[in-house]
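Residue strings, one per chain:
4 protein chains.
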Amino acid sequence: MELGMVGLGRMGANMAQRLSQGGHAVTGFDPSAQARQHAADHGITPAGSLAALVSELSAPRAVWLMVPAGTIVDDTLDALLPLLSPGDIVIDGGNSYYKDSIRRGARLEQAGIALVDCGTSGGVWGLTEGYSMMVGGSDAALAQLKPVFETLAPSPTTGWGHVGPVGAGHFTKMVHNGIEYGMMQAYAEGFAILERKADFKLDLHQVARVWQHGSVVRSWLLDIATDALKENPTLAGIAPYVEDSGEGRWTVAESLDLNVSAPVITLSLLERLRSREKDSYADKLLAAMRNGFGGHRITRE
Amino acid sequence: MELGMVGLGRMGANMAQRLSQGGHAVTGFDPSAQARQHAADHGITPAGSLAALVSELSAPRAVWLMVPAGTIVDDTLDALLPLLSPGDIVIDGGNSYYKDSIRRGARLEQAGIALVDCGTSGGVWGLTEGYSMMVGGSDAALAQLKPVFETLAPSPTTGWGHVGPVGAGHFTKMVHNGIEYGMMQAYAEGFAILERKADFKLDLHQVARVWQHGSVVRSWLLDIATDALKENPTLAGIAPYVEDSGEGRWTVAESLDLNVSAPVITLSLLERLRSREKDSYADKLLAAMRNGFGGHRITRE
Amino acid sequence: MELGMVGLGRMGANMAQRLSQGGHAVTGFDPSAQARQHAADHGITPAGSLAALVSELSAPRAVWLMVPAGTIVDDTLDALLPLLSPGDIVIDGGNSYYKDSIRRGARLEQAGIALVDCGTSGGVWGLTEGYSMMVGGSDAALAQLKPVFETLAPSPTTGWGHVGPVGAGHFTKMVHNGIEYGMMQAYAEGFAILERKADFKLDLHQVARVWQHGSVVRSWLLDIATDALKENPTLAGIAPYVEDSGEGRWTVAESLDLNVSAPVITLSLLERLRSREKDSYADKLLAAMRNGFGGHRITRE
Amino acid sequence: MELGMVGLGRMGANMAQRLSQGGHAVTGFDPSAQARQHAADHGITPAGSLAALVSELSAPRAVWLMVPAGTIVDDTLDALLPLLSPGDIVIDGGNSYYKDSIRRGARLEQAGIALVDCGTSGGVWGLTEGYSMMVGGSDAALAQLKPVFETLAPSPTTGWGHVGPVGAGHFTKMVHNGIEYGMMQAYAEGFAILERKADFKLDLHQVARVWQHGSVVRSWLLDIATDALKENPTLAGIAPYVEDSGEGRWTVAESLDLNVSAPVITLSLLERLRSREKDSYADKLLAAMRNGFGGHRITRE
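Chains as they are written, first to last, in full-length UniProt numbering: chain B, 1 to 301; chain A, 1 to 301; chain U, 1 to 301; chain R, 1 to 301.
One chain only, chain B, in its complex shape (with noise of 0.2 Å):
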C-alpha cells in the first residue's frame, strides 16, 4: 500500500526501506538532502516537503512520523494537520509519551484523522529482523494499516499486536523501556561480578557465549552483550558513564502513580543518574558524618 514517512533518520529510512522492500509504495520526508538522497537510493520516493509528500499519497493517506519525541511531533502535526483530510491516518511511531499520544489523539480526531500510536522495538536490527510493534489505535485505522505492520514485524503474524486504544500502544513500549532497562542491569551486575572474580580469571565473552544457548537467561541483550565482550572483553576504554532516555523515568513515575512498586525498574534508572554522579554530595557527607561521630579517617581528595 501507499505510505508518507515523515522522518528519515536511522530508524525511518530503515523501516520505509524495508517497507519498500516489502513492495509498498513508500514516499519519505526528511528536512535533510543527504537523508532524502539515501532513502531514494533505497526504494523510496523522495518529497521536498510535507506538502510534497503528502500530494504524493492519494486518499485516505497514511503517514508515518518517526521524528524524535517531543515538540517535534507537535510542530510536525502544526504542519500536517492542514495538508491532510478527514479519513486519514497519522501513525508516531517515534517513542513519545502516552499522555502525549492521547492528547494528540483528541486533537486530530476533531479533523477526522485518525492518530495511531506505535510503539516500536527492535533499534538498528529491525531492517533486517523486524520490528516490534506495540500499536494503539481504533479498529478502524488498525485494519487499514494491517499490510504495514504485516511488513515491518518479523514476519506477518509476530512481532506486532493492536492492544488497546490511543495511548497504549505508547504506554505498553514505555514499559518494554523499563524491563529493558531491570534486564540490563541485571545482566550489568552479574558481569561485574565476575569480572571482580579475579582468581577464576573467567573469559567474560565466553561466558556470554555459553550462556547464549540453552540457558535461563538467553535473551537478545545477551547476544548484545556477548558481541560488546567480543570486541572488547575489559570493556577498556568506555566510561562507566550511562544515559537514559526518558522512558525509564515515565515508568518509574507511572509505577508510583499507579501504586505498583517496581524496585528493580526502578533501581536501574537510579543506576544510571549515579553513573554520572562523580563527585556525590550524598558519598561525601556520609564520610563526614562518620568522622563526625566516630573519629573515622575521611579520604582526602
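Worth flagging that the hints you see were computed from the coordinates, not collected in a lab.
Where is the CB? At the ideal position from N, CA and C, for every residue including glycine.
Among the hints, erroneous ones may be present.
[Stated by the list, open to error] Under the rule of at most 25 Å between Cα atoms (straight-line distance), these lysine to any residue pairs were calculated in the SDA-like manner: (1) B:Lys278 <-> R:Asn291; (2) B:Lys201 <-> R:Arg276; (3) U:Lys99 <-> U:Trp250; (4) R:Lys201 <-> U:Thr157; (5) R:Lys201 <-> U:Glu231; (6) U:Lys99 <-> R:Asp203; (7) B:Lys201 <-> A:Arg107; (8) U:Lys278 <-> A:Ala236; (9) B:Lys99 <-> A:Phe200; (10) A:Lys99 <-> B:His205; (11) B:Lys99 <-> U:Thr71; (12) U:Lys99 <-> B:Ala253.
[Said to hold, decoys possible] Ranges between beta-carbon positions, derived for each pair: (13) R:Gln110 <-> U:Val124: 52 to 60 Å; (14) R:Glu150 <-> U:Thr158: 29 to 37 Å; (15) R:Gln34 <-> U:Glu243: 50 to 58 Å; (16) A:Ser245 <-> R:Ser58: 51 to 59 Å; (17) B:Pro147 <-> A:Pro233: 57 to 65 Å; (18) A:Pro233 <-> B:Thr71: 31 to 39 Å; (19) A:Glu243 <-> R:Pro147: 47 to 55 Å; (20) A:Ser245 <-> B:Pro86: 56 to 64 Å; (21) B:Thr71 <-> U:Ser245: 31 to 39 Å; (22) A:Thr158 <-> B:Gly48: 45 to 53 Å; (23) R:Thr234 <-> B:Asp257: 31 to 39 Å; (24) B:Gly246 <-> A:Glu231: 30 to 38 Å; (25) A:Asn291 <-> B:Gly246: 33 to 41 Å.
Mind docking chains A, U and R on chain B? Use the hints.
Using the frame of chain B, we list chains A, U and R on its own:
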C-alpha cells in the same frame, strides 16, 4: 562414551536420556526403583547400587552426579570414593555452592580423582533443546569429557564452555541465577504495571507475544512468561508467594564479599523474601509510628 | 502581634493556641462551628467567615493558612484575595507542593500581597514542644513575621529559618519528609530483624529504650517508636498497611528531575506501596514463571 | 567497684576515664606505653601486662575488653584465660560478631568464667554524654556488673539494658549499626537533593539547624551532620568515598538468613560499596550494550 549417572530425578533422567539418544552408553543409579525403571525405559542401563554402577564402567570412569546440592553430594562422594580408581572423573552437575566444589575438588585430587563442576542451566526444556553448561576443572578432565558436553549442549559448539578451574563452573552458574532473578523481577514488575493500568484493558498475553519477536526484551524467560500468561492471563489461583533456591542468596553474599554493588540482583532476592511476609512487623511498626507523630489513622486488622 | 488563622483543625488549632499563649492576638476561622468553639475555649477570637476574620485584623495583615494541601488552598486564596489589601501577607503553613507555592506567590504578588511558604514539622507535639519551620519568602515579609515564628518555634532562635525565596520553604519540608520516610524504614527494618531472631527473645521495647540515650541512633522518631512498642510490643492488631501522604512521592520525583540518585528514600516509598499490595501480580507472575522453567511447585491459594 | 580495662585506645581510655570519674577503681592495660601513660594521667592504674592487670584485681574479677573485633579478641582471651579464676567475668565491649561471642561464651563457661557481650554505642562523645550499652549474658554476671553499667550509661536508669543471653548484646548492636547506615543514607540523600536544587541557593547548614529543633527528623546523627555542614557546607576537599566497618554487612547477611526483607539497610550498604567503585564494570557494560542495540553514543574516557 561410557558414563555413569547418579541421580535419576527429573534433571538426571533427562540428561541421561539425551546422552543415550546421542549414542553414549549410560548406566544410571537412583535409590528409587521407579526412577530406575523410568530410566531403563529410555535407554539407560539401570544399576541397583553405586557399586553396581561403578562396576558397569571401564576405567578411567566418568561418573556424573545429579543430586540435590548440599550434604547429599558429600554423602554420595563418601560412598563413591572407595569404589573409584585414580584417573576416574566425577562430575557434579547440580547446583552446588562453588566453595564446596573447591573443597571437594581438593579432597578428590588427593585420591587421584578429578572433580569437574558443571553448572547446568536449561531446566525441563534441556532434554529437547540441550543444556547450557559452565564447566570448571582441569584441561585433562575436560578433554576426556568433551563428547559428553557436545551431546548435552544445544549443539557441539554452543552452550558449553570450560570457564576455569574447579569451582569456576558453579560460580558462573551461581551468578547466572542471580541475573535470572533480576530479569524475572524486571518482567514481573513491567507486567504488573501493565496490569494495573485498567483503562487500557491490555491483553497481557498478547503484549508478551508481541515482545517475543523483534523487541529488545525478547528472551527465553519472556517465552516462559508468555506461556504462563496464555494459560492464565489473570494468574487466578496462583499465590503471590515466590520461593528462592539458594543461588540468589549466594550471589548476593558473593557480591558483598567482592565489594561489588549489585542492587538489582539484591532487590530481586529481597522481593522474594517480601512476597512471603504476610504480616510484616516492619510495616506494622511504620503504621504505628505514623500514628504516633501524626495521629494518622491505623488500619486495624 | 495580630494574626489570622484560617483552618482550625488539629494543626491549625494547636498553632493558634501556642501563638495565643505566647501573647499574640489570634483570630481564627474554620467552617466548623465546633472547631471555632474549641479555638475560642483556648484564647482565640473566633470569626464566622473569612470576611469577618479579615475585618478583625489591622493592615498590614498576616493571615496564616493551615488547610489541607491541594485545591483547598487555591479555593481559600480565591475567597481571601478580594478581602485583602496590598502589603498584607499570606502564610501557607500546610504541606503544599512547592511548585504550587511558587505559582501562588506570583499570583499574590500581582495584587501586592506577599506569600510566605512555611514548611511545618512537629505534628501533634508542636503545641508543647514548638514547631520546626522552614520558611520561604521575601526578606520584608519575613521581618514582619519574625515574632510569630519566634513563638511557634521551640525557642526564638532555634527550629526555624528563612531558607530562601517563595517555594523554598515547602521544598525543604518536602525533602525533610523524604528523609523521614527513609529513617522510619531503617528503624522498621531493624526492629523487624530483631523481632525475627526468636532465639534471643528480645524485648523490643527495652531495646528501643536503651537506644534512646547515648546511642548513635537516638532520635525523636525513635522516641515515637519506643512509645508505640511500650503500649503494644508485638504490634498486635495493627495491620501491616502503610499510607503515604504525598511528600515522599514529590521527593522521589524531584530527585529524578534533578538527576540525584536517592535509593533509600525511593525504596522507603516503594515499601509503603508494597505494604498495600496484598495480591501482587508481579509475585504471581514470578511464581508462574518459576513453575514454567523449573517445574517448581506453585503455592495455590 | 574494681574493674580491669584491656585496651586503652580512644574508646577504652574514655570508658576507663568515665568509670574512674564515677568512683570505680580501674586498672588498665595496653601494649602501648603512651596509652598507659595517658590513662594514668586520667586516674587509671596502669598495668604493664595482662598478668599485672589481673593481679591488681580481687576475685571475683571483672575484666573489660575494648580491643578491635576479630582475632585480637581470641588472642587476648588465650592470654587472659590462664590468669583468671572461676567466678571471674570477662566483658567484651567491642564490635564482635555475635556468633563469635556465643562461641567464646561457651568456651569461657567451661572454665567457670562468664562472658558478657556488651554492644557499645556513643563513639567519641560517650566520655561526656555516656554510652548506650546493649548487654548479653547471665543474670548473675549482670547483677555483679550493674554499678559499672550505671556509671558508663548517660544515667543509671537510661541507655543500657540486659537484652538477652550471651550474643544478644552484640546482635542488638549489629542491628543498631544497620539502622544507623539507613538513617545516615537518608540524610545524605536528602541533603544531596537540597544541594542540587541550585535555584533556591539553600544554606544547608541553616536547614540542618532548623531541623535540629522541633522537627520530625531531629536526631543525634542530624546534630553530627549539622556540625559537619557548619565547618564545611560545600564539603570541599572531602572525597565521596565511604568506608564500612562490618556491622552493616553482618546485618544484611543476618536479614537474609532470617528471611527478613530489609531493602533500606541493604541499599545503604550497597551505596557505600558503590562510592568506592570509580570505574564500574557494570556501568561500562551498560554503556556498551546501549551502543550495541541503539547506536547510542558511548562516552569515551
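Quick rundown of the hints versus the structure:
The straight-line distance between the Cα atoms of lysine 278 (chain B) and asparagine 291 (chain R) is roughly 21 Å, inside the 25 Å bound, and the hint therefore holds. A threshold of 25 Å between alpha carbons decides the hint, and for lysine 201 (chain B) with arginine 276 (chain R) the separation of about 22 Å falls inside it, so the pair holds. Between the alpha carbons of lysine 99 (chain U) and tryptophan 250 (chain U) the distance comes to roughly 10 Å, so the proposed pair stays at or under 25 Å and holds. For the proposed pair lysine 201 (chain R) and threonine 157 (chain U), the alpha carbon gap of about 22 Å is at most 25 Å, so the pair holds.
Pair hint lysine 201 (chain R) plus glutamate 231 (chain U) does not hold up; C-alpha atoms about 44 Å apart against a cutoff of 25 Å. For the given pair, lysine 99 (chain U) sits about 20 Å from aspartate 203 (chain R) by alpha-carbon distance, which is consistent with the 25 Å threshold. About 23 Å separates the Cα atoms of lysine 201 (chain B) and arginine 107 (chain A), which keeps this hinted pair within 25 Å; it holds. The straight-line distance between the Cα atoms of lysine 278 (chain U) and alanine 236 (chain A) is roughly 14 Å, inside the 25 Å bound, and the hint therefore holds.
As the CA atoms of lysine 99 (chain B) and phenylalanine 200 (chain A) are separated by approximately 12 Å, the hinted pair is consistent with the 25 Å bound. Restraint check for lysine 99 (chain A) and histidine 205 (chain B): the C-alpha separation of about 23 Å stays at or below 25 Å, so the hint holds. Distance check on the hinted pair: lysine 99 (chain B) and threonine 71 (chain U) sit about 23 Å apart at the alpha-carbon level, within 25 Å; holds. Only pairs whose Cα atoms come within 25 Å are accepted, and lysine 99 (chain U) paired with alanine 253 (chain B) is accepted, the gap being roughly 17 Å.
At about 55 Å, the beta-carbon gap between glutamine 110 (chain R) and valine 124 (chain U) stays in the expected band of 52 to 60 Å. A hinted range of 29 to 37 Å for the beta carbons of glutamate 150 (chain R) and threonine 158 (chain U) is consistent with their spacing of about 32 Å. Distance hint check for glutamine 34 (chain R) and glutamate 243 (chain U): the Cβ-Cβ separation is about 57 Å, which falls inside the suggested range of 50 to 58 Å. Between serine 245 (chain A) and serine 58 (chain R), the C-beta spacing of about 58 Å keeps the proposed range 51 to 59 Å intact.
The supplied range of 57 to 65 Å is broken by proline 147 (chain B) and proline 233 (chain A), whose beta-carbon atoms lie about 29 Å from each other. Roughly 38 Å separates the CB atoms of proline 233 (chain A) and threonine 71 (chain B), a value that falls within the hinted 31 to 39 Å. Remark: the range hint 47 to 55 Å for glutamate 243 (chain A) to proline 147 (chain R) is upheld by a beta-carbon distance near 51 Å. Against the hinted window of 56 to 64 Å, the Cβ-Cβ separation of serine 245 (chain A) and proline 86 (chain B) comes to about 59 Å, which satisfies the hint.
For the pair threonine 71 (chain B) and serine 245 (chain U), the supplied restraint of 31 to 39 Å holds, since their beta-carbon distance comes to about 34 Å. Roughly 50 Å separates the CB atoms of threonine 158 (chain A) and glycine 48 (chain B), a value that falls within the hinted 45 to 53 Å. Threonine 234 (chain R) and aspartate 257 (chain B) have their C-beta atoms about 36 Å apart, which keeps the hinted 31 to 39 Å range intact. Range check, glycine 246 (chain B) to glutamate 231 (chain A): about 35 Å between beta-carbon atoms, so the 30 to 38 Å window is met.
Hint check: asparagine 291 (chain A) to glycine 246 (chain B), Cβ distance near 39 Å, so the stated range 33 to 41 Å holds.
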